[in-house]
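Given chain A, work out where chain B should sit, using these hints.
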Amino acid sequence: MNTDILKILNISKSYGNVTALKNLSLNILGGQVFGLLGPNGSGKTTTLSIVMEIIKPDAGSFEWFGESNNTNNRKKIGTLIETPNFYPFLSAKQNLEITARIKEIPSSDIERVLKITGLLERKNHKFGTFSLGMKQRLAISAALLGNPEVLIFDEPANGLDPQGIADIREIIINEAKNGKTIIMASHILDEVEKVCTNVAILKKGQLIKTGKIHELLNKNEQIFLSSDNNNELFEFLVRSGICKNVKTSEKGILVDIQKPFDSAYINKFCFENGFSLKSIEAKTQSLEEQYLELINK
Amino acid sequence: MKRLLNIELIKIYSNSGFWVPAIFWAVLYAASLLIVTQINVNFTGIDSTSFFKFPTLWNVTTWIASWFNLLLSIIIIIVTGIEFSHKTFRQHIIDGLTRIELLKAKIFLILVFAFVAFVIVLFCTLIIGLIYNDSNSWLNIIDNIELIFVFFIQSVAYMLFALMITLLIKNIALSILTFILYFISFEPIVRNFFPDNILYFFPMKVISNLTPPPDILQFATQANFQTTINGQVVNDSNATQPFEISLLDNTVAAMIYIAIFIFISAYIIKRKKL
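Protein chains in written order, with this note's numbering: chain A, 1 to 297; chain B, 1001 to 1274.
These are computed hints drawn from the structure, not numbers from a lab. Among the clues, some could well be false.
Said to hold, decoys possible - Incomplete in silico selection of chain A near chain B, CB under 7 Å:
1) I54
2) S68
3) T71
4) R74
5) K75
6) T79
7) F89
8) L90
9) E97
10) I98
11) R101
12) I102
13) K103
14) I105
15) S107
16) S108
Claimed, not checked - Every beta carbon over 10 Å from chain A, so not counted as near; a handful from chain B, in silico:
17) R1003
18) Y1029
19) A1030
20) I1039
21) F1051
22) I1093
23) I1141
24) T1178
25) N1209
26) L1247
27) M1255
Remember, predicted model here, so these are calculated numbers, not experimental data. Ideal Cβ positions, reconstructed from N, Cα and C, are used throughout, including at glycine.
Just chain A, with the same shape it has in the complex:
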């Protein structure tokens, strides 16, 4: 599933003097669960609003499914952006009836999606009587209507309790297993780490990092080393200049790898200089650590 689903080319958008997006380019492929991360005001919702044609970019373009005419393609996309937008005086079923007619899909699909999100028993209750979490579930139901090829979720866990968050995670994982492409913007990095295959990190409207999530988490840029005599090893590593930022830690000595010296080379180099390493272990970072490091740079 390496087909282009969404290609964003050099999109820029400003609100008065405030730059919301600056030359953003992204390529999202079929089957990816793509996480869009960034602090408030980084441009996540603006990006999603532009690709859903709610707002127009000042410059740049985007293509859904390799086509520049996106009106019909939007019906292949289930979307929840920011807050759920429904009529409070209509029932859950009536609200979904409207979505179904817009997307030109049979109303029979409504019960299926309400069942997935656990709202089937409340289908005849008015939207205005729903709690925040139920409203969010209804918005997810609307996004799932018609079994779209792509799902876009902007903060899908908003207003949900822990059980609700777990349920939504399960829905996303199941939909991804069924081959759907999912684009989600979220602040809950733990959730993103659990469900996303790829991420892009935005800061002040600019893309600062993108890639596969396991590549981002396993940077292999830092390793822990230990030997029988860590003090001597520490002094040797500092003197040799083969690694940067040599520090002691609970797990041994933490060093930053600098190219072209990889961990295998360091192991060999230490051995040749009389240090037999007891352990050599790559330091993995959580997405949160990575994120904070990039954002605070």
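Frame of chain A; chain B shown alone:
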């Protein structure tokens, strides 16, 4: 068209913001007709029952119906303003409608409302006709029948004007206020600064003149006034005649305004942040 209209009908089905003013419109109109038919005027030369005989009856029922077009316009302001307050226009775009389809849906709804109002006015006219007309006056039923079609155009024009204001302002209360202020004070004041041949072509003037008040003695028709200078009646053919436009010309002008309202609404909806 059917799909867009179905969507609009689902929206108004449980919307008290629609049903309350709609029922109010129907009840007020029926009550007004009932009251008018009970008024017994006894002036020399005037028989009040002649108001309810064809062809004058068309004039009476459409003129009274035109009083309540404000309510129809308020309904349009409410059902459109709701789309902005609940951000549902925005959601419809996300789900796959185009901005022009959003506008088309509301125009179809306006046509439905105007048609229902047309049917109710027609029904009431025929009921009153059955009560007050004899076999002779029934022969005149075709005369002035164009007034009910003109009433349809008038309703459409008022509602489209209300739609345009709501798309521009986005807020229900402010839109209603703007509509009423424009209708009852702004345009009438501005019109005073213009000569007759211009003031008759202001939008609200054109639209309201589509259903003129009944004129059973024909003394209110401007064409029948004679110009008076210094209090004297002048029959000189060169004397200035008051400006008058025919119903046909007035209808054409209203249709032009309808086109302008749609064009401006399309312009606004294409550019407005939803």
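So, going through the hints one by one against the coordinates:
no. : hint  : verdict
1   : I54   : holds, 6 Å
2   : S68   : violated, 15 Å
3   : T71   : holds, 6 Å
4   : R74   : holds, 4 Å
5   : K75   : holds, 4 Å
6   : T79   : holds, 5 Å
7   : F89   : holds, 5 Å
8   : L90   : holds, 5 Å
9   : E97   : holds, 6 Å
10  : I98   : holds, 6 Å
11  : R101  : holds, 5 Å
12  : I102  : holds, 4 Å
13  : K103  : holds, 6 Å
14  : I105  : violated, 10 Å
15  : S107  : violated, 11 Å
16  : S108  : violated, 16 Å
17  : R1003 : violated, 6 Å
18  : Y1029 : holds, 25 Å
19  : A1030 : holds, 27 Å
20  : I1039 : holds, 40 Å
21  : F1051 : holds, 41 Å
22  : I1093 : violated, 6 Å
23  : I1141 : holds, 42 Å
24  : T1178 : holds, 24 Å
25  : N1209 : holds, 38 Å
26  : L1247 : holds, 40 Å
27  : M1255 : holds, 30 Å
The structure does not agree with the numbered hints 2, 14, 15, 16, 17 and 22 stated previously, though it agrees with the rest.
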